[in-house]
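S.K.: Spelled out, the chains give:
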Amino acid sequence: MTTATSGNQATVRVMAILSAFLDNDSAEGSLGVTEISKKLGMTKSMVHRGLSSLVRHQYVVRDASGSRYELGPAVAQFGTVHVRPPDLHALCRPAENALHALTGETISLHVPVDDVVVCVDGIEGRGPVARWVPLGRSIPLHVSPASRAVLAHLPDDEVDLYLDRPLKVFTKNTLHTRDELWAEIRQVRADGFARSLGDHYTKSTGTAIGFPILDVNDEPHGSLTVAGPTDRFTPKVIAELMDDMLAEVAKLNRSTKLHLSGREPVTAPS
Amino acid sequence: MPRDEEASTNTSVENAFAVLNLFSGGTEALALSDIARLLGLPLSTAHRIVTTLCDAEFLSQQHAGGLYVTGLRVRELLNALYNRYPIRRRAARTLRELAGTTGQAAALYVPFGAHCLRIAGAQDRQQIHRPLLIGEALSLTSTPCGMVLLANPGSGGQEPHRELAEIRRTGYLSTTTDGLRSVVFPLLDAEDRAFAVIAVEGSTLEFREPSRSKINGWSGIVRRLQDQCREHPDWTVTPFAGIDSTHLQLRESHAQDMEGAS
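Chains as they are written, first to last, in the numbering used here: chain A, 1 to 270; chain B, 271 to 532.
Just so you know, not all the hints are guaranteed correct.
The following residues of chain B were derived to be distant from chain A, with all beta-carbon distances above 10 Å [stated by the list, open to error]:
| hint | residue |
| --- | --- |
| 1 | GLU284 |
| 2 | LEU302 |
| 3 | GLY424 |
Covered by chain A, according to a simulated footprint, are these stretches of chain B (three or more residues, beta-carbon under 8 Å) [said to hold, decoys possible]:
| hint | segment |
| --- | --- |
| 4 | 324-334 |
| 5 | 341-349 |
| 6 | 353-362 |
| 7 | 432-438 |
| 8 | 454-465 |
| 9 | 511-522 |
Partial selection, computed: residues in chain A whose CB lies under 7 Å from chain B [what the hints assert, rightly or not]:
| hint | residue |
| --- | --- |
| 10 | MET15 |
| 11 | ALA76 |
| 12 | THR177 |
| 13 | ASN217 |
Keep in mind the hints are simulated off the structure, nothing from the lab.
Note that the structure is a prediction, hence the values are computed from the model and not measured.
The beta-carbon is built from N, C-alpha and C at its ideal position, and this holds for glycine as well.
Modelling step: build the complete structure from the supplied sequences, incorporating the hints.
M.R.: The structure is reproduced here in structure tokens:
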């Protein structure tokens, strides 16, 4: 803020109160004064004043109980969003650049096509040894972090549909039973990323982390992977970088959730 | 808070809402000088408000010295508002299937006061693309989507007008207006109230009049979703159906208005 007058501070507070309804995780979809006060570190009287303004303009309305608040209809006045085929490359490129700058390793963008993911873009890592960007390579949905980041974020019924088919085994570490894969899927969902298991190439000297690219319904449109040689992209390095990598991916998904819709479902086995 | 300071605070907040409201109803981009002129504010005051709104991501500037547009936060709020209709998430797959089957656009509309609001859509392989704008408002009384909503008030509702009763009896409405063909299907809850409609839409140049058997097939796709909704009453909630939307500055589409429709 450049000119911090009391009026501006009040405006900032009102906009912060309105924004609180965005990351509202309460089961009812509504917020009470005390919750907002705690969440934003404001006094209850500040929150009351802010809510009064928002209610007057119908950006916020009281819920059926009369004591809590929800987003209001006036929000609908703002603009519209085109439904159009998303340019995934353009949406993801800033995140690819940011992850590359952060890690120095190889970044790849994979998109799901039927029951595989295909590498469609990437940036090669720095240094004398770097993973190549496997443009055009396709991998089944249960193999590698690039795929499992996608598989884990499919709706449960589509995961089951995929697991119904015979799953190819690439190495002794390839997960191929329903129980193994569901355990891994739950882990990926909890972590927000998929990790290397040595399940694709027998003599792999690389390690990778796969992050999902999600739409408004939290369904996957692809994955971004960060991959490097095992002796450089070590578990310690990955752990040190993880919070920053997750922050970059969260920033990307904030954007993709507004732009992406209309994912093609995984096809039934032929 | 001293009275003078409180008055100044209220004025600042009201001015911020006034600036935001300039971007309602489909206004996409404004220069700082336009904002100041439209609100009768000194340029420095307008600049201070706009800077505050940009910091909070409610507005953003296209480039240094450029026009102002709504920011990421506004788009997130819109998205959150549309998501207050649970059917939005549930209908995504049905819309894709319909778009894929018909080769046209498929869109979901929900009641919003005197309007219906397009809150989701999917497009397929149309050669002639009409932009499918999410958030666009249509009149409830003069558009095919609105009429299909009105035609199905539910078992507790008032018996609809004869023309609407015919729409209810048929189970869908197929019309052409202004070069746009629409085939509209209701989504009925357990009380037979239309809580949303799904429309297949396309230019009449490439969306020829569909046969009855095709329409029956599309109706079957919609009905599968409807059957799921009847098992989950919480999916059929319409939070803003009863509001007075006439004073809101919605982005209205008149492309589908039907001549002579009541």
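S.K.: Tell me, in ascending order, the numbers of any earlier hints that this structure violates.
M.R.: The structure breaks hints 1, 7, 8, 12; every other hint is satisfied.
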